[in-house]
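Chains A and B supply the protein sequences, listed in that same order. For the first sequence, the positions run 1 to 117 when my numbering is used. For the second sequence, the positions run 1001 to 1108 when my numbering is used.
It is possible that some hints are incorrect.
From chain B, some residues computed to sit far from chain A (all C-beta separations above 10 Å) [claimed, not checked]:
1) Gln1042
2) Arg1045
3) Gln1049
4) Ser1061
5) Arg1077
6) Ser1100
In silico SDA-like pairs for lysine to any residue, Cα to Cα no more than 20 Å straight-line [said to hold, decoys possible]:
7) Lys41(A) / Ser1100(B)
8) Lys1054(B) / Gln104(A)
9) Lys1054(B) / Val103(A)
10) Lys1003(B) / Asp110(A)
11) Lys1103(B) / Gln104(A)
12) Lys1103(B) / Tyr58(A)
13) Lys1103(B) / Asp110(A)
14) Lys1103(B) / Val103(A)
15) Lys1003(B) / Lys20(A)
16) Lys41(A) / Lys1054(B)
17) Lys20(A) / Ser1100(B)
18) Lys41(A) / Gly1099(B)
19) Lys1069(B) / Leu26(A)
20) Lys1003(B) / Gln60(A)
21) Lys41(A) / Lys1052(B)
22) Lys55(A) / Ser1081(B)
23) Lys41(A) / Ser1074(B)
24) Lys41(A) / Glu1017(B)
25) Lys41(A) / Tyr1097(B)
26) Lys41(A) / Lys1069(B)
27) Lys41(A) / Thr1005(B)
28) Lys41(A) / Phe1098(B)
29) Lys1103(B) / Pro40(A)
30) Lys1054(B) / Val11(A)
31) Lys41(A) / Ile1008(B)
32) Lys1052(B) / Gln104(A)
33) Lys1003(B) / Phe91(A)
34) Lys1054(B) / Ser1041(B)
35) Lys1103(B) / Ser43(A)
36) Lys1103(B) / Gln42(A)
37) Lys41(A) / Arg1068(B)
In case anyone wonders, no lab produced these hints; they're calculated from the structure. Owing to the predicted nature of the structure, the values given are computational and were not obtained by experimental measurement. Cβ atoms here follow ideal geometry from the backbone N, Cα and C, with glycine treated the same way.
Listed here are the chains, written in short residue letters.
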Amino acid sequence: GAVVSQHPSWVICKSGTSVKIECRSLDFQATTMFWYRQFPKQSLMLMATSNEGSKATYEQGVEKDKFLINHASLTLSTLTVTSAHPEDSSFYICSANEDEDSVQPQHFGDGTRLSIL
Amino acid sequence: LAKTTQPISMDSYEGQEVNITCSHNNIATNDYITWYQQFPSQGPRFIIQGYKTKVTNEVASLFIPADRKSSTLSLPRVSLSDTAVYYCLIYNFNKFYFGSGTKLNVKP
């Protein structure tokens, strides 16, 4: 079945550092990928839609200059948390599906745990 | 976008059948109903999806009444490894908005 891979799975860094998270579709191409954030004991919150070859679409309240999204190819989207601070510590998850013109379900990566000291 | 309402938590014992109901009163004609399972520190895993009536796969069944304003996920004979959060989602055009989910706790 379709697989979505995220890297790294866990990152710890100092406040003020920028951190890049990769999301790859391993066996299919995806012109659209989605990024979510999840705080402990809470549900997933959609942050943005990543569009291959064009700008990402951000959900209301998500700072586009803080969370930079680049969808450089049909199998790779990256989320960069710029100048990260402790309040950015969270679980970041991406998703994609094989056929965006159908109702195929999304496949999710296993997430990236980001801890800012 | 249709909002979903689920019980916050449920308890069950190993070997029992578990039914989790989700309300989605303002579901649109083109919307589909999808259920995901999430373990701690992992991404959600697809369980089942349906549009109307009943859908069954190797791990679960999904019951959807004619008015489609609710749906019920049925897990037969749960085991301890089914302890997880279960999310009901309504979607079309690929965008998913997660509700609060149901924390299922399976006891021995």
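- Of the hints given before, which are not true for this structure? Of the numbered hints given earlier, those the structure breaks are 1, 2, 3, 6, 10, 11, 12, 14, 15, 16, 17, 19, 21, 22, 23, 24, 26, 30, 33, 34 and 37, listed in rising order.
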